[in-house]
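Chain order of the listed sequences is A and B. Residues 1 to 781 (the working numbering) are what the first sequence spells out, left to right. Residues 782 to 942 (the working numbering) are what the second sequence spells out, left to right.
Please note: incorrect hints may appear among the correct ones.
Unchecked claim - Computed cross-link-like contacts, DSSO-like style, restricted to lysine-lysine with a CA-CA straight-line distance of at most 27 Å:
| no. | chain 1 | residue 1 | chain 2 | residue 2 |
| --- | --- | --- | --- | --- |
| 1 | A | Lys30 | B | Lys926 |
| 2 | A | Lys433 | B | Lys926 |
| 3 | A | Lys312 | A | Lys182 |
| 4 | B | Lys792 | A | Lys721 |
| 5 | B | Lys926 | A | Lys721 |
| 6 | A | Lys563 | A | Lys471 |
| 7 | A | Lys537 | A | Lys559 |
| 8 | B | Lys792 | A | Lys22 |
| 9 | A | Lys772 | A | Lys319 |
Note that these hints are calculated values from the structure, not bench results. What you are looking at is a predicted structure, and each value in this text was computed from that prediction instead of being measured.
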Amino acid sequence: MGVEGIGASVLRKEDRRFTTGKGRYVDDIKLQGMTHAHFVRSPHGHAKVKGIDSSAALKMPGVVAVLTGQQIVDDKVGNLICGWAVHSKDGTPMKMGAWPAMAPEVVRFVGQAVAVVIAETKNQARDAAEAVEVTYEELPAVTNVKASIATGAPQLHPEAPNNIVYDWALGDEAATNDAFSKAANVVKMDLVNNRLAPNAMEPRAAIAQYDEAEEHFTLYTTSQNPHVARLVLSAFYNIAPENKLRVIAPDVGGGFGSKIFIYPEEMVALWASKKVNRPVKWTGDRTEAFLTDAHGRDHVSHAEMAFDKDNKILGLRVKTHANFGAYMSLFSSSVPTYLYATLLSGQYNIPAIYAEVMGVYTNTSPVDAYRGAGRPEASYLVERMMETAARQLKVDPAELRSKNFIRQFPHQTPVIMAYDIGDFQASLDAAMKSIDYAGFPARKAKAKSEGKLRGIGLSCYIEACGIAPSKAVGSLGAGVGLWESAEIRVNPVGTIEVLTGSHSHGQGHETTFCQLVAERLGVPVSQVSILHGDTDKVQFGMGTYGSRSLAVGGSAIVKALEKVEAKAKKIAAHQLEASESDIVIENGEFKVTGTDKSIALPMVALAAYTAHNLPDGMEPGLKESAFYDPSNFTFPAGTYICEIEVDPGTGKTEFVNFVAADDFGRLINPMIVEGQVHGGLTQGIGQALLEGAVYDSNGQLITASFMDYAMPRADDVPSYKLQHTTTLCPGNPLGVKGCGEAGAIGASAAVINAITDAIGNNHLDMPATPDKVWHAIRAGA
Amino acid sequence: MTAISLTVNGKVVSGNVEDRTLLVQFLRDHLNLTGTHVGCDTSQCGACVVHVDGRAVKSCTTLVGQVDGASVTTIEGLSHGDELHPMQAAFRDNHGLQCGYCTPGMIMSAVDIVQRHGGKLDEATVRHELEGNICRCTGYHNIVKSVLDAAGRMSTAQAAE
């Protein structure tokens, strides 16, 4: 490894601008003649829109226009779509209700927009929005999945009878029933996976600019995938053809999934910018983020696991109700199906699995991918089941897991996934050693003598990342391919630009991707720039989510670098009058092996662009591009162990230790990888202890600000002990697996397993607030 | 409208503003100092922290009229030319930031914490003091490391003066 190549903890290139206040986020951008938008939003969970009177608002200072849902429908702007077709077990397609960008007739969740005010200043737009008179006829609302499918429940969409989007299944039902009929023991459990608000610190924002002369739009937006935004806005929403729409996602302040989707606000901003023929800016506030950013999780499940007399797992049966909210968001249908049930085998050899998932509409904010997306729900279910089984079967939880680990690879699970490689015992051992698992009983006894309840909890997670092989996801209903593109431009003086379809919103691509170039061409990272987030610069890309940027986007960069290297070697050989096969690259020099003859990369690049002396028939220039489509998912896996202490008097949980042992394959920048794990773990702990988006029965979100929704803060979480074990991913040229979601996938089960171990009562749902834990202690006593 | 005059990052600035103008709006919209961010509007997340007469203040819940005549330092005014403030350098060196959105407020709060506690900082104190700043990316692990590192650098720098 070079000092800046693969495996080096290179400090981040992006940090100078971020630490000095020079980041450039959407809300920081001002355009000449810019107006400001403020949305008029429904205060009701479910209501008919009987009329909108804008007359008073239009007379207010600075108001440019008031536009309504009916106008956007009349202008034939397309309804929002869900881009992944999932079919019910009876073969019928999912039942999707229409979702106009602003509601012309019916509102189905609190915060749904019905109109927008465009004004000269943000305050003027906000003031005028309060003067827009909307007459509603309230309808009964339903927010809970089980209540929503009950007889007599309020009906949300005429397209979806009984509020059911789909009734889907995966696996072999007969084989699973057969496994249960042979079981020596069956473990059963009901689980709730709590609804979360993603809460990237930067609220969503959009600026739309219409160029009348060119009939061309530019959209600045807080997006994790600007090309996907352009594709959807052009192909489905009739905003403009792709060549007349430029989408720019500049610095983006966190995403965690919530900025994948195309939202009504950017559609309205684009549409309105043409209507008023001036740039239109919208920046959400935090409560708008709570109300309108797609939420995550929200599953209610029943699970049963069958064991033989030797405690080997025979089968797993799962029935899950997934809450979709009021509309189907862009990738929502895939989250509780192909991103969830396909991971129900966990790290274990389970011969038979049958999972049924019912997707249900309710009068709540739409639910879609949030960090981990389906995989945290699967991991939480499997790992709570394993811990519960160990307690019921009276065996050590580590031993029960170890006994059932998959040890031969590749391994075909009964739920689609084919795990390519792993060493689950290695990460379990590393975590147990790090936390001194053997010494826990003594520590528990000592804590007890001090009046505290101490518990330890394991979670052996697995996830499918590197999303995703296009052909495979296409066969499962995805509306897009999930490859990635890259372009390497070596400039005439040897500096390099890397154009990538991945998008960085905290992941440090501007550093990690440069390290790939440094490793290959020996160029210092200071001479390499990463360009991303602009559809006019990067030809195409699928963006960043699903821990895919390095495994898929990085692999595309490697493929393009291979082409650059091959051409550069040809030029160097020609210049040095040597055989191409004798050229080696060392520290940015192209050398003739075994001689002192060499030529530096800048001279090779210059030769490529002057084209005075190139091999016969060679095109000038040194610029190559590549598309990389993975052959399989990647499978990061690991073990998290959490040791906690509960105060029986207050129910408050304190961390004693939290250990994470992850196998992400090869690490390019260990410092950045560890940062990703810290952040993921904290979101997982947040779900386990603090967070929950809560609705009342009328559909009011009663946790719609940071005063009501408990975000993890610095003194809620511990410092972490991280370990890395390594099996190199065989499916991509870098051997990498992805690290962005692991923490959020594995942490919550470890925490709840530790608390339930401490208090001796397994009936505990997230978030395990002191109040809930206190009651569980009493109920279990 | 109200006439106000204050010092921002060492320069006297004045203007006529609506009475309801918040300090953060004045900094971002009038002075184009966009390093100070708004993350929550309810004084919870701390992305908007600046220093007013040397003390950390949440600029999203301060009217600019309240700081008429005061001296305000924002993230843009923290470094000495090209040389980063020890807290900025510590955040960079310890990977104390990811998306960068909470970072300016986090750094301004952290400088205030170190100034108030001097060299007597430990992990528990830093975590407790950072309660008013939310970060969704880092899990705080490396932020805590950064603040402790910077506390050392700042006391060394002070001793050298």
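Query raised in the report: Which hint numbers doesn't this structure obey?
Result: Hint check: 1, 4 fail, others pass.
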